[in-house]
Amino acid sequence: MIARFQAAAEAVGAVVRRFSSVADAAAYVLQTSGHAIAASHLPDDIRRALSGVTFTQPEEHRDVPACVSFATAGVAATGSLLLELSDAVERGATALPPIHMVFLRASAIIPDLPSLTGAIDSLLSSRPHSYLSLTTGPSRTADIERVLTIGVHGPKELHILILEGE
Amino acid sequence: MSKKIIRQKIHDSFLRTALKNFAAQYPVARARAFEGDDFESLRDRVSAIRDNALRDLPDLVERFRESAEAAGATVHLCTSPEEARRAILGIVREKGAEFVVKSKSMTSEEIRLNPYLEKAGVRSLETDLGEWIIQLAGERPSHMVMPAIHKNRQEVADLFSREIGRDCPPDIPSLVETARETLRESFFTARVGISGTNVAVADSGAIGLVTNEGNARLVTTLPETHIALIGIEKIVPSLAEALDIISILPKNATGQKITSYVSLIRGPSEGHELHIVLLDNGRRQLAADPRFREAMKCVKCGACANVCPVYEIVGGHVFGHIYVGGIGLVLTPFFHGTENARDILGLCIGCRRCNEVCAAKIDIEGLILDLRERGAKIPGQKALFGTLMRNRTLFHGALRAAYLAQKPFQGRDGRIRHLPLVLGGDTGNRSLPPIAERPYRDIARDREKVAPEDQGGRERVLFFSGCLADFVFPEMCRDTVESLECLGYSVHFPREQLCCGIPARYSGEVGIARDMARLNTEILMKEQADFVVTICPTCTMSLKHDFPNLLEGEPEHHARSLELAAKVFNFAELAARKVVKSGIPGDGEPVTYHDACHLRRGCGVFREPRTVLEEIADRKVVEMEGPDTCCGFGGSYAFKFPEISYEILKKKMDAIAGTGVGTVAVDCPGCKMQIEGGLEGIKSRVRVEHTATLAAERLRE
Chain A
1 MIARFQAAAE AVGAVVRRFS SVADAAAYVL QTSGHAIAAS HLPDDIRRAL SGVTFTQPEE
61 HRDVPACVSF ATAGVAATGS LLLELSDAVE RGATALPPIH MVFLRASAII PDLPSLTGAI
121 DSLLSSRPHS YLSLTTGPSR TADIERVLTI GVHGPKELHI LILEGE
Chain B
1 MSKKIIRQKI HDSFLRTALK NFAAQYPVAR ARAFEGDDFE SLRDRVSAIR DNALRDLPDL
61 VERFRESAEA AGATVHLCTS PEEARRAILG IVREKGAEFV VKSKSMTSEE IRLNPYLEKA
121 GVRSLETDLG EWIIQLAGER PSHMVMPAIH KNRQEVADLF SREIGRDCPP DIPSLVETAR
181 ETLRESFFTA RVGISGTNVA VADSGAIGLV TNEGNARLVT TLPETHIALI GIEKIVPSLA
241 EALDIISILP KNATGQKITS YVSLIRGPSE GHELHIVLLD NGRRQLAADP RFREAMKCVK
301 CGACANVCPV YEIVGGHVFG HIYVGGIGLV LTPFFHGTEN ARDILGLCIG CRRCNEVCAA
361 KIDIEGLILD LRERGAKIPG QKALFGTLMR NRTLFHGALR AAYLAQKPFQ GRDGRIRHLP
421 LVLGGDTGNR SLPPIAERPY RDIARDREKV APEDQGGRER VLFFSGCLAD FVFPEMCRDT
481 VESLECLGYS VHFPREQLCC GIPARYSGEV GIARDMARLN TEILMKEQAD FVVTICPTCT
541 MSLKHDFPNL LEGEPEHHAR SLELAAKVFN FAELAARKVV KSGIPGDGEP VTYHDACHLR
601 RGCGVFREPR TVLEEIADRK VVEMEGPDTC CGFGGSYAFK FPEISYEILK KKMDAIAGTG
661 VGTVAVDCPG CKMQIEGGLE GIKSRVRVEH TATLAAERLR E
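As you go down the protein sequences, you meet chains A and B in turn.
The first sequence maps to residues 1 to 166 in my numbering.
The second sequence maps to residues 1 to 701 in my numbering.
Because the hints were derived from the structure by calculation, they are not lab data.
Cβ coordinates follow ideal geometry from the N, Cα and C atoms, glycine included.
Some hints could be false.
[As the list claims (entries may be wrong)] Quick look at which bits of chain B chain A covers, simulated, 3 or more residues with Cβ under 8 Å:
hint, segment
1, 150-156
2, 170-176
3, 180-186
4, 209-218
5, 267-281
6, 494-504
[To be verified] Residues from chain B shown here face chain A by an in silico Cβ test under 8 Å; the list is partial:
hint, residue
7, 42
8, 204
9, 260
10, 261
11, 262
12, 551
The following block holds chain A by itself, in its conformation from the complex (with noise of 0.2 Å):
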C-alpha cells in the first residue's frame, strides 16, 4: 500500500522519502529548507523532533521558504493527503510557501478515497467549524495553451515524509 500511495504521488510530481525515524525525517525538513520554516499543528513527537527549527510567526508565512504540516490520512490510490486546516492562519501557513513538507505515518495510508468518507466525516462534525484540505501533488495550472505549469497559486513542491517503523 505504500508502494502504491508513494507510485501515485509521484505522478503527480510530489517527492516523496520514507523514514524509519522521525529524526531522520526531521533531518530532510532542515536540510530542504533552512531553520525557519512555517508550521500548522504537528504531533507532540514530531514537533520535538524538529527542536532545531523556528516556527515563523503568521505574519512572516508569506515570505518563508517552507512549511511543515502533518496529515491525518493518506490515499494510495491518488496519492492524496488528508488535512486538517480549521485554523486559517495555520492553513495559510500551507498554502503561501513555495515548499510544502508534510508528515505522513504509513499506518494512515488507506486504500482510496471512499474508504475516507467515515473519516472526514467524522472530522467535519467533531468541531464547531472546520476546513479540511485534500491535497494531491504541488498547485498545477494548464490555463495556457494547456501547457502543465507547476506552482501557480500553491506550494511549487510538495514532500511527503512517510513514517514507517512506529
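Since chain A is already given, all that's left is putting chain B on it; use the hints.
Structure of chain B alone, referenced to chain A:
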C-alpha cells in the same frame, strides 16, 4: 449564428490547433484517469444521486440551509440573479470593501457578477489564471473548465505586459510566475473573497471546492469574509454522494484522477465570516419539469465540449452562451432566455458523442432536439414538412421533379458540383450525388412483379429504405435486398412507406414527426414479418426509439409501435446473424470502416458491420483513427452550416487517407453522401460503399 463569426473561428489557426490537439489528447488522458474504475456504474450512481436530489430539491435546500447556519454560516437564498448580485454587494459594502478577490465560479458568470460589482464601484479580481487572462482581455470563458483555451502565449504575454506595465516574454513558466507574483498581494489586501462551489452537503452544511491552482484556498483563507456562490442543484444529501461527484468530476473534466486541492469547508474559521449565496434562477422550476429537469444533473465537467466535433471547430464563444458545450446549449434557454438560445441550439450536429461521456448520463442530444421544438421555427418549414412529407404522392412527386430540375447543375459524370442560390458558395468544395432517375421504389415494383416473393419457409424481412437511399442510392437498396436474399431471408419492400420523420423532428416539428410515426407504424405492422430492416441508422433510431416516444399519448398506436420497434434492425445486424464465425479476417482488398454516429451511439451497433465485412464481404478491416467520430453530415446540418460540416469532414478524410486503403465502408447513406462528396472534391480515388454493397459484391460471385 452569424456566419461571419463562424468563419472567423474556423480561420483562427491557433484556436483550431489548440482544440484539435486537445480533442486528440483528452480521450487518452480520460481513459487513464478512469483506469480501474467502472465509468458506467460510477455515472449511473451520479445520475441517480442527482435524480433523487432534484426530486426533493426544496427540502434539500432547507436542510442544507439549517446545517450550514448551525455551523455558523450565513445563508442567503436568492431567487433571481439580481437578488444574488444584490446580496453579494450588500455583504461587500457591509465589510467596507472596495476590492474583492475571486476564484473560479461559472455561477458568477451566470449572474454576471463582475460587471455588476464594477458598476457599483467594487473592483473584482479574478485570480484563477485562465479567468484572469480573460478578465484582462474583456472576454468570457470559452470552456467551463479551461476558460482561456482560445488564448495563446503571445496574447497572454501582451495582456500581462499591458496590465503590469513591463515587458513579459511569451514563455509559459515565466507567465505563470508573473501571475503568482502579481496576484499574491491582492489576497492580503482584499477583505472579501468570493468563490464558487462544486458540491454542497445537506446533512453537514459543508461545501466542496475542486481546484488545481491553489488560489481558491487563498481566497477562502486570507480575506476575513468568504462568500460562496452555489447553484442549488449542487446540493447532495451526504458526504458519500459528494465524494462520488468529486471523484468523477476531474477525471471527466481534465483527465486527472483528482485535482491538486479538494477543500471541504464547514462553517467559518475562527475570526472569519462565511456567507453562502444559494442561487435558484429558475432551478426549482426546472427541477419540477418532467422533460428538462435532466439538464440539472450536470456536474459542470465540460466533457460534452471536450468530445464535441463542432466545438472542436468553432470553440466556446460560438458553441454556447455563458455555459458552453452541449449542456451549455441546453441550459441557456433556462438560465439566459430563449432569445439567447435560438441561434446556438441549431449548432448541434446530433452525433451523440456528448451523451457517451456525460458524467451524469444526461441525454444531451435528446434535450437539444426537444428544445428546438420549443424554440422558434423557420417560417415555411412547416409547410414543407407538413404538407409535403405526410403526403406520399406529393413528396415523392416533388423528388421526381427535382430529378429534372437538377439536370443543368450536373457534371459529365452526373454529380452535382454547383448548386444554385443559397447553397452555391458554401458547398463548392463538395459534390453531391444526383437524385436517381428511377428511385428504388420503382425498381422494387418491377422486381417483385417479375420475381414474386418466394417465402419458402424463410424468415420474412420488410425493407424500410429511408428517403435518401430510395431516391439517391437505389443501387444500395438493391444490394441490401440481394444480400439478404443470398443469406436466406425473404425480402419485401412495402411501397406505401413514408419518410421516418427525423428531418421534421430535428427541425422542431414534432407534431409532423408524430404523424409520420403513426402512419409508418400502421404501414409496417399491416404486413406479417419477422424483421424490419433499415440501411440508414437515423431511420433505425427513429423507428426503434422515436416512434414509441412520440406515440406515448396514443395507447393503441404506442403498443403497435413497441411491437414494431422490437422487429427493427440494421442491415449489418441481420446479415451478421447468418454468419458462422471463422475468426479469420477476409483476404480480399482491405477496407476501413467509418462508424455512423447514429449506428454506433444511437443503436450501439459497431461489431456487426465489421463481422459482415470480414466474414461475408471477405475483406480485411484496417481501422482508421477515430472511426466513430462524426463525418460532419448530420442531415440538413451539412447545408445549414456547410463550413463547419466541411471542417469536420476534412478530419475524417485525413483519417481515411492515413489507412492507405482504397475503400471506406459505411452503414449510412448520409455518411456515404458526405464522405464521397468530400473525397471526390479533393480528387481522391477512395471508394465509399455501404456494407450491403460490399457484401453483395462478394455474395453474387
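Structure-based check of all given hints:
Under the rule that three or more residues need a Cβ within less than 8 Å of chain A, the assignment of the segment 150-156 of chain B holds, with 4 such residues. Coverage of the segment 170-176 of chain B by chain A holds. Counting CB-CB distances below 8 Å, 4 residues qualify, and the rule asks for three or more. Only residues whose beta carbon comes within less than 8 Å of a beta carbon in chain A count, and the segment 180-186 of chain B has 3; three or more means the coverage holds. Here the segment 209-218 of chain B counts 6 residues with a CB under 8 Å from a CB of chain A, which clears the bar of 3, and the coverage holds.
Residues of the segment 267-281 of chain B lying with their CB closer than 8 Å to a CB of chain A number 6, which satisfies the three-residue condition for coverage. With 0 residues bearing a CB less than 8 Å from a CB of chain A, the segment 494-504 of chain B misses the requirement of three and the coverage assertion fails. Given the 8 Å rule on beta carbons, the hint for residue 42 of chain B is violated: about 11 Å separates it from the nearest Cβ of chain A. The criterion of a C-beta within 8 Å of any C-beta in chain A is met by residue 204 of chain B, whose closest approach is roughly 5 Å, and the hint holds.
Interface hint at residue 260 of chain B: satisfied, since its Cβ lies 5 Å from the closest Cβ of chain A, which is below the 8 Å cut-off. At its closest, the beta carbon of residue 261 of chain B sits 6 Å from a beta carbon of chain A; the interface hint therefore holds under the 8 Å criterion. Against a cut-off of 8 Å between C-beta atoms, the interface hint on residue 262 of chain B holds, since the closest Cβ of chain A lies about 4 Å away. For the restraint placing residue 551 of chain B at the interface with chain A, the shortest Cβ-Cβ distance is roughly 43 Å, beyond the 8 Å limit, so the hint is violated.
The structure shown violates the earlier hints numbered 6, 7, 12.
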